[in-house]
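Chains A and B, in that order, give the protein sequences.
In short: position in the first sequence from 1, add 116, done, that's our numbering.
In short: position in the second sequence from 1, add 116, done, that's our numbering.
Rather than coming from a laboratory, the hints here were simulated on the basis of the structure.
C-beta: ideal position from N, C-alpha, C; glycine also.
Don't take every hint at face value.
Incomplete in silico selection of chain A near chain B, CB under 10 angstroms [what the hints assert, rightly or not]:
no., residue
1, N151
2, P153
3, D206
4, L208
5, D264
6, E265
7, G338
8, D517
9, E596
10, V597
2 protein chains.
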Amino acid sequence: MSTETPAYDALSATYTRLHRLGHLQSIASWDQAANMPPKGNEARAAAMSEMAALLHRLRTDPAMQAQITRAAGEPLSLLQQANLREIRRDWLASNALPESLVQRQSMATARCEHAWRAQRSANDWAGFLENFRPVLALAREEAALLSDETGLSRYDALMDRFEPGMTSARLRQIFGDVRQWLPALIRRVLDKQSGEPVIQPVGPFAVEAQRHLCERTMRLLGFDFEAGRLDVSTHPFCGGVPEDVRMTTRFREDNFLSSLMGTIHETGHGRYEQNLPRGLVGQPVGQARSMALHESQSLSFEMQLGSHPGFVAHLAPMLAEAFGAQAAFEPQNLQRLLTRVTAGTIRVDADEVTYAAHVILRYEIERPLIEGEIEAEDIPARWDAAMMELLGVDTRGNFRDGPLQDVHWPSGMFGYFPCYSLGAMYSAQWFAAMRRSMPDLDTRIAAGDLGAVFDWLRDKVWSQASLWQTDELTMRASGEVLNPAHFRAHLEQRYLG
Amino acid sequence: MSTETPAYDALSATYTRLHRLGHLQSIASWDQAANMPPKGNEARAAAMSEMAALLHRLRTDPAMQAQITRAAGEPLSLLQQANLREIRRDWLASNALPESLVQRQSMATARCEHAWRAQRSANDWAGFLENFRPVLALAREEAALLSDETGLSRYDALMDRFEPGMTSARLRQIFGDVRQWLPALIRRVLDKQSGEPVIQPVGPFAVEAQRHLCERTMRLLGFDFEAGRLDVSTHPFCGGVPEDVRMTTRFREDNFLSSLMGTIHETGHGRYEQNLPRGLVGQPVGQARSMALHESQSLSFEMQLGSHPGFVAHLAPMLAEAFGAQAAFEPQNLQRLLTRVTAGTIRVDADEVTYAAHVILRYEIERPLIEGEIEAEDIPARWDAAMMELLGVDTRGNFRDGPLQDVHWPSGMFGYFPCYSLGAMYSAQWFAAMRRSMPDLDTRIAAGDLGAVFDWLRDKVWSQASLWQTDELTMRASGEVLNPAHFRAHLEQRYLG
Chain A
117 MSTETPAYDA LSATYTRLHR LGHLQSIASW DQAANMPPKG NEARAAAMSE MAALLHRLRT
177 DPAMQAQITR AAGEPLSLLQ QANLREIRRD WLASNALPES LVQRQSMATA RCEHAWRAQR
237 SANDWAGFLE NFRPVLALAR EEAALLSDET GLSRYDALMD RFEPGMTSAR LRQIFGDVRQ
297 WLPALIRRVL DKQSGEPVIQ PVGPFAVEAQ RHLCERTMRL LGFDFEAGRL DVSTHPFCGG
357 VPEDVRMTTR FREDNFLSSL MGTIHETGHG RYEQNLPRGL VGQPVGQARS MALHESQSLS
417 FEMQLGSHPG FVAHLAPMLA EAFGAQAAFE PQNLQRLLTR VTAGTIRVDA DEVTYAAHVI
477 LRYEIERPLI EGEIEAEDIP ARWDAAMMEL LGVDTRGNFR DGPLQDVHWP SGMFGYFPCY
537 SLGAMYSAQW FAAMRRSMPD LDTRIAAGDL GAVFDWLRDK VWSQASLWQT DELTMRASGE
597 VLNPAHFRAH LEQRYLG
Chain B
117 MSTETPAYDA LSATYTRLHR LGHLQSIASW DQAANMPPKG NEARAAAMSE MAALLHRLRT
177 DPAMQAQITR AAGEPLSLLQ QANLREIRRD WLASNALPES LVQRQSMATA RCEHAWRAQR
237 SANDWAGFLE NFRPVLALAR EEAALLSDET GLSRYDALMD RFEPGMTSAR LRQIFGDVRQ
297 WLPALIRRVL DKQSGEPVIQ PVGPFAVEAQ RHLCERTMRL LGFDFEAGRL DVSTHPFCGG
357 VPEDVRMTTR FREDNFLSSL MGTIHETGHG RYEQNLPRGL VGQPVGQARS MALHESQSLS
417 FEMQLGSHPG FVAHLAPMLA EAFGAQAAFE PQNLQRLLTR VTAGTIRVDA DEVTYAAHVI
477 LRYEIERPLI EGEIEAEDIP ARWDAAMMEL LGVDTRGNFR DGPLQDVHWP SGMFGYFPCY
537 SLGAMYSAQW FAAMRRSMPD LDTRIAAGDL GAVFDWLRDK VWSQASLWQT DELTMRASGE
597 VLNPAHFRAH LEQRYLG
């Protein structure tokens, strides 16, 4: 018996194997969005579903339960203990779901997401509903099983997969707080900005020049092109594996700013992945801590840094080099462009101030949708009402720029949206902490020295992976748990200061 | 017992599963050549190796042996009997190899092939040998095991994976025949062509225009872009899955013809795959019959059709549209360019007449290499001597354009080279048979009606998949088994007629 492989080592080997097979799934998933021709979809969906079932089977091997129990009694380092904690979390979540459900979900979401790409352009809500109903039904089935397993509410059980520790109760407080001051803040900002003229850039902006500008900006932000790529897909994302990060963007000849800022956003995700501790890649403890923390990195790049006046002063001449000099590219005007607040329909084009309204709207639809309080048919009316209430925008009949705009629901990703706004709050908290420890931070950024920011993020977030639970990581990084006051202070300083 | 799943159905389900998981491996393999950044290689090699081992484990499940025996006693259709025959073949080949060998091979070849990409440019034979020795050692280990299993010689056992039924003894006859008449034919053609001036195209040829021309030509040749793509890799290939064919080419600004003709070549492979019977995809009986038959399709496209005067007359104006009018693009001159015979160093750039010499040279090295009659260190001397003897070309010290030029050896693919020349012979035989049944074939091609060619190939080859063994398929298609006289007649007619 004493020569037996320690249970911890066996578990660790299983996760290495899962990581290796998952690598192929990640690359195929990126390919599906960036390359795959339409007739390839059915075979790809079958292949992805087969792999999802296989990985699920490996994750739910009954032998693991005994190994987890045995490993808890083995002499483990702090790191190994943290890994075992995350392994147990993964095991509990995986075992709540039967393989047949995983396979049906993979099939249904692949079909729905693929059809959605055309249905969105065609504004075809009725067609979408056909494929979406089974996706929702399966998500509710999953939520019920996870709820039984964890004791959380159904929606919270889904959210827990992305943001462990976060609950609807805590969100009611946080989003409730935001709902109190956000509408007034938006009005004040719109009022202030109405007196600040802004010059719009004049296109067209050649796609090749945009691509080059995006890659140059990614290099400035430290993205390692020897270990990743930038490609094009309908809905930008950051995929692949930590060793080979696949970022995507989309280009429009009439607007380069949205793809540039989107690329800066995804670069934050990419650098988090590229800088996870390499020796732990594949182990649960080596993974990014949570989706809100992931968003806190993309938003640190896009918002805290990307719209920082000091950074903008460095970006401005790069735009002139890419597209020729324009009055719109003068630093002060560029800064105004990047911080322009508009009550619009599209979440991914939304500014830093109104973005939270888009998230709260989605949260207020998907939570009751999963809890069974409303049905898929009820989405458009809820959407239209909330858009009017929160942003004063009329979206009736415009499904394309309404509930069909995001990939999340067609791909069955419920419980994710809150992470975006939580990420914005964390990123404001990170920069507040940086300024406390580096009072000259803004001077450094203005001097083009971004190293201090990257070093702080690497030290406090990237290198920590999942060693600590979220509140503990946040305490260690910033001296307190999530505190939305930093987000409000940031918006007031930047937009009304 | 009577309610048990028929053994045949269980086997069939296993192969569907293998096809689905193999789909992800194929796409990742294409990605490795077409997209992957350098630092991704180690993780990718580990992932591919893990998957290779998994597929091997599924293929060698001991339960299959009993299923194969039981299925033989079940009432099966002709198609199912053929599938069972191919399943048995696959099972025997797979079970000759232990999983550890498969995994070591996958690791060693991924490493060797990746390093080779840089080593080839650097003409670094010594560096290449370091990685190649383990690849060769593992190939010999595999050959020995397959030889024990099949009773074939070691080299024949490797060749049998690509070209079932072909042996060194048969090749000695076929290549021996070619060796007798080829050198004299080359001399006569060179002599004849020395009196026929040819105008070279004047570059540079913009890569974007080349890409557009290649895609247009692929469309003309019936490639379905809704079910496939064209991308760029160092060594062109046709990969992916039948439902999503991934072709690659490479572009050089100073020479568009090699990439255009390479693309026409790969399009032949691509159409074979795209037109395999869709209901049988994934089953062994639904796969392309053999590699020589695969090459017979690429060479039907590239040589029989691509250099056909009637086809060339249609290609000529497309070149003028792509790059502007040039004297070189006049049909008669273009035809001379495409049929120009040169004793050169590079196989993939070789013309239809000297190509067989390149293949015979490689066959005469890799056969004794696998049989243990020579070592990796002996390759350059053998190479140099054979190049001098067969083509009068001095390759001493030029490893880049010598034994480092092909991806086959670094990727451990021994026994494949003969298929190229066998394919050329089959393609000549197909067109001879077409002309017998359609005496106006050349007039049709000249009129731009390629449908007759595609219909014949679809009917006789593509749709037949692996229903018949090679000799049987060849008999049914052309009324005789492989007969190299058609190849000789084709070369004499086209080059001396």
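The hints, checked one at a time:
1. At its closest, the beta carbon of N151(A) sits 6 angstroms from a beta carbon of chain B; the interface hint therefore holds under the 10 angstroms criterion.
2. Because the smallest distance between the Cβ of P153(A) and any Cβ of chain B comes to about 5 angstroms, under 10 angstroms, the interface hint for this residue holds.
3. Hint status for D206(A): violated, given a least beta-carbon distance of 19 angstroms to chain B, over 10 angstroms.
4. Hint status for L208(A): violated, given a least beta-carbon distance of 25 angstroms to chain B, over 10 angstroms.
5. Interface hint status for D264(A): violated, as the beta-carbon distance to the closest one in chain B is roughly 31 angstroms, over 10 angstroms.
6. Interface hint at E265(A): violated, since its Cβ lies 29 angstroms from the closest Cβ of chain B, which is beyond the 10 angstroms cut-off.
7. Restraint check, G338(A) versus chain B: the minimum CB separation of about 14 angstroms is more than 10 angstroms; hint violated.
8. Given the 10 angstroms rule on beta carbons, the hint for D517(A) is violated: about 28 angstroms separates it from the nearest Cβ of chain B.
9. At about 37 angstroms, the closest approach between the beta carbon of E596(A) and any beta carbon in chain B exceeds 10 angstroms, and the interface hint on this residue is violated.
10. For V597(A), the interface hint is violated, since its Cβ never comes within 10 angstroms of a Cβ in chain B; the closest pair sits about 35 angstroms apart.
Of the numbered hints listed earlier, those contradicted by the structure are 3, 4, 5, 6, 7, 8, 9 and 10.
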